[in-house]
Amino acid sequence: MTTTTNAPPPMPATTSGAHARALPRRVATAVGAQNTSLIGALIVVVGTFAWLDDGYLTTANMTVIGDTVAVTGLLAVVQTVVIICGALDISVGSQAGIASVVSAMAFTSTDGNAALGILAAIGVGIAAGVVNGVVIVYGRVNPVIATLATLAAYKGVAQLLAGGRAQGYVLGDDFFIFVARGKILGLSVQIWTLFVVAVAVHILLKYTDIGRNIYAIGGNDTAARLAGININKYLVAVYALAGVVAAIAGVILTARTGSGQPTSGSEGLELKAITAAALGGCALKGGKGGIGGTLLAVFLLGALENGLNVVGVNSFWQNVAQGALLVVAVVIQQRRNGERAVGLPT
Amino acid sequence: MALSPTPAPPPASDPVLELRGINKSFGAVHVLRDVDLSVYEGQVTALVGDNGAGKSTLVKCIGGIHTADSGEYFFDGAPVTVNSPRDASDLGVEIVYQDLALCDNLDIVQNMFLGRERRRGWVLDEDSMEQIAEETLAGLSVRTVTSIRQRVSSLSGGQRQTVAIAKAVLWNSKVVVLDEPTAALGVSQTAQVLELVRRLADNGLAVVLISHNMNDVFAVADRIAVLYLGRTAAQVSTSEITHSQIVELITSGQTEALGPGAGRNGVNR
Ligand SMILES: Nc1ncnc2c1ncn2[C@@H]1O[C@H](COP(=O)(O)OP(=O)(O)OP(=O)(O)O)[C@@H](O)[C@H]1O
Ligand SMILES: [Mg+2]
Chain A
1 MTTTTNAPPP MPATTSGAHA RALPRRVATA VGAQNTSLIG ALIVVVGTFA WLDDGYLTTA
61 NMTVIGDTVA VTGLLAVVQT VVIICGALDI SVGSQAGIAS VVSAMAFTST DGNAALGILA
121 AIGVGIAAGV VNGVVIVYGR VNPVIATLAT LAAYKGVAQL LAGGRAQGYV LGDDFFIFVA
181 RGKILGLSVQ IWTLFVVAVA VHILLKYTDI GRNIYAIGGN DTAARLAGIN INKYLVAVYA
241 LAGVVAAIAG VILTARTGSG QPTSGSEGLE LKAITAAALG GCALKGGKGG IGGTLLAVFL
301 LGALENGLNV VGVNSFWQNV AQGALLVVAV VIQQRRNGER AVGLPT
Chain B
1 MALSPTPAPP PASDPVLELR GINKSFGAVH VLRDVDLSVY EGQVTALVGD NGAGKSTLVK
61 CIGGIHTADS GEYFFDGAPV TVNSPRDASD LGVEIVYQDL ALCDNLDIVQ NMFLGRERRR
121 GWVLDEDSME QIAEETLAGL SVRTVTSIRQ RVSSLSGGQR QTVAIAKAVL WNSKVVVLDE
181 PTAALGVSQT AQVLELVRRL ADNGLAVVLI SHNMNDVFAV ADRIAVLYLG RTAAQVSTSE
241 ITHSQIVELI TSGQTEALGP GAGRNGVNR
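The listed protein sequences correspond, in order, to chains A and B. Heads up: the first sequence is residues 1 to 346, going by the numbering used here. Heads up: the second sequence is residues 1 to 269, going by the numbering used here.
Keep in mind that the hints were calculated from the coordinates and are not lab data. Bear in mind that the values here come from a model prediction, so they are computed numbers and not experimental data.
Here are the simulated SDA-like pairs of lysine to any residue, each with C-alpha atoms no more than 20 Å apart in a straight line: (1) A:233 to B:117; (2) A:233 to B:83; (3) A:206 to B:125; (4) A:285 to B:151; (5) B:60 to A:230; (6) A:233 to B:86; (7) A:285 to B:153; (8) B:60 to A:228; (9) A:206 to B:150; (10) A:233 to B:115; (11) A:285 to B:104; (12) A:206 to B:116; (13) A:233 to B:65; (14) A:206 to B:104; (15) A:206 to B:107; (16) B:174 to A:228; (17) A:206 to B:126; (18) A:206 to B:123; (19) A:285 to B:154; (20) A:206 to B:127; (21) A:206 to B:121; (22) A:206 to B:151; (23) B:60 to B:92; (24) A:285 to B:101; (25) A:206 to B:131; (26) A:233 to B:84; (27) A:206 to B:120.
Take a look, some chain B residues computed to stay more than 12 Å from chain A by CB distance: (28) 23; (29) 28; (30) 30; (31) 41; (32) 50; (33) 67; (34) 70; (35) 72; (36) 74; (37) 76; (38) 77; (39) 80; (40) 218.
Built from N, CA and C at the ideal position, the CB exists for glycine as well.
All chains should be built: construct the whole structure from the sequences, respecting the hints.
What follows is the structure, encoded as structure tokens:
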């Protein structure tokens, strides 16, 4: 073969040597601009409230923040996985509600067997998640619509099961007491639970082929399917994972309040979870995001909410603030991604 | 552009991939009618035809996206069934589709190994994937990519095409099909991609190249297959046919010099 005049210009750097640069670059991308700004925001929020109120930066208040953050954080972590797939799960709060009721009822009806209570809750979580996944994948329903429907339906199921009121009493049991009040190395069991789940999901996303495929599905589902990835199986599994983690959150709610709660404590958690994921750097169209950013956002939201309570801001205003924050988070996201305006060609 | 090693050698061996009598309908639309296609190792077979002639549909049948309604698919002389993209890649048949099928949110290495990641135990083996990707690109003399850890979204059209092609040849593939790889490219990037296409064949692969540009076709192809309204109008060696005869075949399905018999087996081989 003869190449005439059109030989490609020699590029200065070729692909060789990329190995040597790989590690520092990975560390650099691991922190990233997104997370740096979240850390900055966290410092500003904590600093402001500490200055406004002496009670804010106490150990007791930090524990309160930690425990509220645990449940939201669990849901935000799985929400991150769902969003990376290019989907959404609005029903996580309701799933936590069902799991809370079921865990308490199973505990009571087995004469105080905590393990069975938890197993029952997780079983219900898996079932709820699989139903979501199957409706979306095989019913070809938009994920927002499907989980909006199950948000209502699962809440109804939880209320029916519980007869509209709190169920059972679990705080006679050592295990539930341990979940509610236990500490390991100075940190509450609830925070440890979040930490363990977050690390596990992070490893799954970043270091396994399963995680790589999840990013691929969110990035370009056609390419993923052509690469032989079984998208249907993945989506159902991801929703099942969301169900399991929501169930763990439900068990924590049960332990914290001492009984199975159909709605109190779990209602509205989906908004917080989605806001945290978006604020943490997840692109709602999928393919982008990570656990680190989401966790930082969860702590930021927790610190903010608690601070507003401490300085006595009306909870109605807090709702407004929360909704506004989601919009702001998504706007920042879209701008950062260079998302085009509606109708402009790419 | 003097890319072609003319005169094209007559195929020395049997075709590595051969389709016989392929039919494919979508509802009432009969898109492919008794299509034949032979593809040889070490050769670029151009697949040409007007818009809607059925080229992409034929490629999807080869790649297992569509299953043909009837007809035979031979690989290395043996009849095979290809019902999914996985079946095709298991045979060593890789397709680079018109829209490339790359994940913009992933980097070059991640795209090249998509769906077939290497692992060490449970964990992704990034280093070995990076190394193999690097070697593959180097083996194709690709010099336009600065970092293989670059996101695909940041690449130019020609670079994206290059990545898609490199991804296809990574798997010890025997047949690589490229659907209009130069359609959206400028002059110099087109030349680079064509050069790469030629190099694939020179490395011993069987390459199928779909293109509307006859200059490109004559620059790199050893053989030309013409589809006309879903039928095989001709399969000829590039050296046996002229530019205007091909254009005639594309637009009317036949050409004087070759006679009307060229359709099925006429000038084959
Ligand atoms: N999934 C489908 N359903 C119905 N008709 C289809 C489908 N896919 C292709 N066709 C029809 O088959 C015919 C051939 O299409 P195909 O895409 O194979 O053409 P092509 O030769 O690749 O054209 P081009 O050069 O424009 O890419 C067209 O008439 C098209 O409308
Ligand atoms: Mg086409």
